[in-house]
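Colleague: Each chain, letter by letter, is given below.
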Amino acid sequence: MLKLNDDQQMLLDTVRPFMADEGRIETQLRHWRDKGCPDGFGHGLWERFGQLGLSGILIPESAGGSGLGQVEANVVLEEIGRNLTPSPFLTTAVTAVRAIEGTPHAERWFPGIVEGKTVAAIALDEGPRHDPAGTAMEARRSGNGFTLNGSKQFVVHGRSADFFIVAARSGGSAGEREGITLFAVPRDAKGLELENVTLADSSKAARLDFDEVAVDADAVIGEVDGGWNLLRRALRAGRAGAASELVGIAAGAFAMTNDYLRERKQFGREIGSFQALQHRAAHLYSEIEIARAATLKAAQLIDEEHGDAERFTAVAKAKAGSVARLAVQEAVQMHGGIGMTDEHDVGFYMKRQAVMDELFGRPSFHARHLGKD
Amino acid sequence: MADDETFRAETRAWLEANCSPEMRTPMRSEKDACWGGRNFKFASDAQRQWLEAMAGRGWTVPDWPSEYGGGGLSPSETKILKEEMAAIGARVPLTSFGISMLGPALLKYGTEAQKQRFLPEIARGEIRWCQGYSEPGAGSDLAGLQTRAEDKGDHYLVNGQKVWTSYADEADWIFCLVRTSNESKHGGISFLLFDMESPGVSTRPIKLISGYSPFCETFFDNVKVPKDQLVHEENKGWTVAKYLLGHEREMISGMGLGGSAGSSLLSEALDVGDDPLLAADLARFDVDALAFQAMSEHFIDKLKAGEAHPAEPSLMKYAGTELNKRRHELLLRAGGSDALEWESERSREGKTARDWLRTKANSIEGGTSEIQLGIVAKHILQLPGA
Ligand SMILES: Cc1cc2nc3c(=O)[nH]c(=O)nc-3n(C[C@H](O)[C@H](O)[C@H](O)COP(=O)(O)OP(=O)(O)OC[C@H]3O[C@@H](n4cnc5c(N)ncnc54)[C@H](O)[C@@H]3O)c2cc1C
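These protein sequence lines are chains A and B, in that order. Following the working numbering from start to finish, the first sequence increments by one per residue and tops out at 373. Following the working numbering from start to finish, the second sequence increments by one per residue and tops out at 759.
Be aware that one or more of the hints could be misleading.
Said to hold, decoys possible - Residues on chain B that point at chain A, a partial pick, calculated with CB under 8 angstroms: (1) 514; (2) 537; (3) 581; (4) 582; (5) 649; (6) 701; (7) 709; (8) 710; (9) 711; (10) 715; (11) 717; (12) 734; (13) 749; (14) 753; (15) 755.
Claimed, not checked - Footprint (simulated), chain B over chain A, 3 or more residues, beta carbon under 8 angstroms: (16) 240-254; (17) 363-369.
Said to hold, decoys possible - Below, computed lysine-lysine pairings styled on DSS-like, alpha-carbon distance capped at 27 angstroms: (18) 265/A to 675/B; (19) 609/B to 677/B; (20) 455/B to 675/B; (21) 751/B to 265/A; (22) 724/B to 35/A.
No wet-lab data here; the hints were simulated from the structure. Built from N, CA and C at the ideal position, the CB exists for glycine as well.
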């Protein structure tokens, strides 16, 4: 059935109040931004994710995790989106976990992730646009390992990461799927330079420079030259998760706007009584419902390992991205002048949407490839 | 038209001689604009010289009468001057609310003494003005404003609060809507001018989502305003206010032409990599932008000929600002993750992202898009019940 089951609904019933309380804008996003926190999120909250079994949501119970699936991870992510909660959940608990599960790296890193202590970052993009098959970073065989040379950008939470999952090219040439190898590279690797970059939504993403970074053969995740499939598995989870976060962003901005339509009076009546705004609110509501359904569909297909999972993940990321864009634009516009101020929270939704829109491929990328890239 | 051709040749030669290379480079942001005013700090000697040269000819306000500091140019000469300035990429010598908003209202509704007193200093960029219209409870419903002005014989005593007052903290004077009567909503409003240094005026800057603080809350606590600073008649300020709004909207609609982002074709200017859907969006945008350019020229010419419908600035404001928002959405997307950077030197302190956020106000400031569409529906289409 394309709806949450009872267990998933129960999870939502605990996560929603948790995030609305401990993950709220005032105590997390705005707080850390105003403090100039170099990580862009609070490690205390990440540990709370650990205590509640959320950071290990996809990690098997045998390894101390909750052993749940994409649908459950997406339940968490929608609440993260709704509250704009800064945390390494999407990169670490979802994307990185899917990249290393079933490999020896899982043993090393899963315990710290389960506890909400370890942070992982995905080092994939090499230019301003997401293009996994275009990976060009050089992985040259040397001795019993590899030497990495090249640069990465938009490495979300790079500064806080204990290790990076790095896609590099050990064979073939840029544009080909064959020849990509994934590596787990520790933060303190020699020759690895990091620039911590602040993004519009005050989150942090790093630019990495690899200058003759030597790694052992056991840094390889999965097979040499055969990283594409693992990368696909990780990205599928990351993209479906990002879609859910975008649905949450849209829903959060919409909820705030819906309240404002009832409160704000002009011309002696609530602005929500003007039909010009009513229709747009109703349209937006419909679009958010559609985006949420598409996202749930993708998550279910992923959990079933269905052949259409890839295509629906692309649909979800593209649809949720454009719906969230509409939502934040309508939200700011319907708030009038106050929506343009930093004191009001609604602008944060617009900034976060722009970053999430770009992460793991923007709508036009996914609309074009529909899951084939 | 031989006269026009002579004028064009002379103008071209004069601009060539007086507009320095620096003043022919595009402005990077509002901050590069010359705003004038008592406390204005010129960014460079070139900026000061350019203002002085242009003001000397009255060309900061080419179509105003020369007795008030203007250039006294005819509509066709004004257009030629604009074209010649555009041809060499000359910057606007002076950007001011005095020029685009207050001046036209004073020309129409001011007394002779008021015109003599205020217009030349606007033309020379000596006094910088801000606009005291919106209040916390009166935005779209501007006529619901509550700031009071009590008649005290030779002066008014003003009490109340304005909000979103652009550059109130940098302005020298304010043109301000106040309530002088409660008997009628629109018919109880008056239009006052006063010095921001008057005792009782204070401002608090408000930060925008772009991180800049271009506007303020503005408070009036027993501010004395001499009676000769009332424009038009008491309780007839709404007429002036609306007329001024028409000019404001006309000015804002110019954003549709590109402003500091330039007017080049996006499909030619931007590298979108391998993203054909984005490329298609850019092409569609270019079509709309070029069509809007034509509309803009048509509108100005109709306006000059006195043939524009009084509600047409609303149409232009709506179309121009929605277009500008789209332009910046596309610039952001074309920049990919580079454009999301907020503080780095590489991104010029997040210029693309901050400009993008700033444009979101375009469809709010000067009256929202919804209000403009309402005006078109009511006054041009005359739809029932509108
Ligand atoms: C950057 C910026 C600079 C500004 N500078 C100045 C300035 O210098 N001086 C000044 O006086 N003001 C200034 N303003 C204020 C601006 O004019 C107001 O913000 C604007 O008129 C909207 O009023 P409001 O903010 O109260 O929004 P509201 O009027 O509360 O509107 C909220 C929403 O309701 C919608 N709405 C309201 N009524 C209707 C209706 N009848 N039908 C359909 N929808 C409706 C609006 O369109 C909007 O989407 C500035 C604003 C901004 C953002």
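Colleague: State for each hint whether it applies.
Modeller: Hint-by-hint comparison with the structure:
1. 514: holds, 4 angstroms
2. 537: With a minimum Cβ separation of about 5 angstroms from chain A (threshold 8 angstroms), the hint on residue 537/B holds.
3. 581: With Cβ-Cβ at 5 angstroms, under 8 angstroms, it holds.
4. 582: holds, 3 angstroms
5. 649: holds, 7 angstroms
6. 701: Since the shortest Cβ distance to chain A is 11 angstroms, the answer is violated.
7. 709: Holds: closest Cβ of chain A sits about 3 angstroms from residue 709/B, inside 8 angstroms.
8. 710: Given a least distance of 4 angstroms, the restraint on residue 710/B holds.
9. 711: Because about 4 angstroms separates residue 711/B from the closest Cβ in chain A, which is inside the 8 angstroms limit, the hint holds.
10. 715: holds, 5 angstroms
11. 717: holds, 6 angstroms
12. 734: This interface hint holds because 5 angstroms falls under the 8 angstroms limit.
13. 749: Since the shortest Cβ distance to chain A is 12 angstroms, the answer is violated.
14. 753: violated, 17 angstroms
15. 755: violated, 17 angstroms
16. 240-254: Since 0 is below three, the answer is violated.
17. 363-369: n = 4 at 8 angstroms, threshold three: holds.
18. 265/A to 675/B: Given that 27 angstroms is the threshold and the Cα spacing comes to 37 angstroms, the pair is violated.
19. 609/B to 677/B: With a Cα-Cα distance of about 26 angstroms, the restraint between residue 609/B and residue 677/B holds, given a limit of 27 angstroms.
20. 455/B to 675/B: holds, 17 angstroms
21. 751/B to 265/A: The hint holds at about 21 angstroms.
22. 724/B to 35/A: Cα-Cα ~23 angstroms, so holds.
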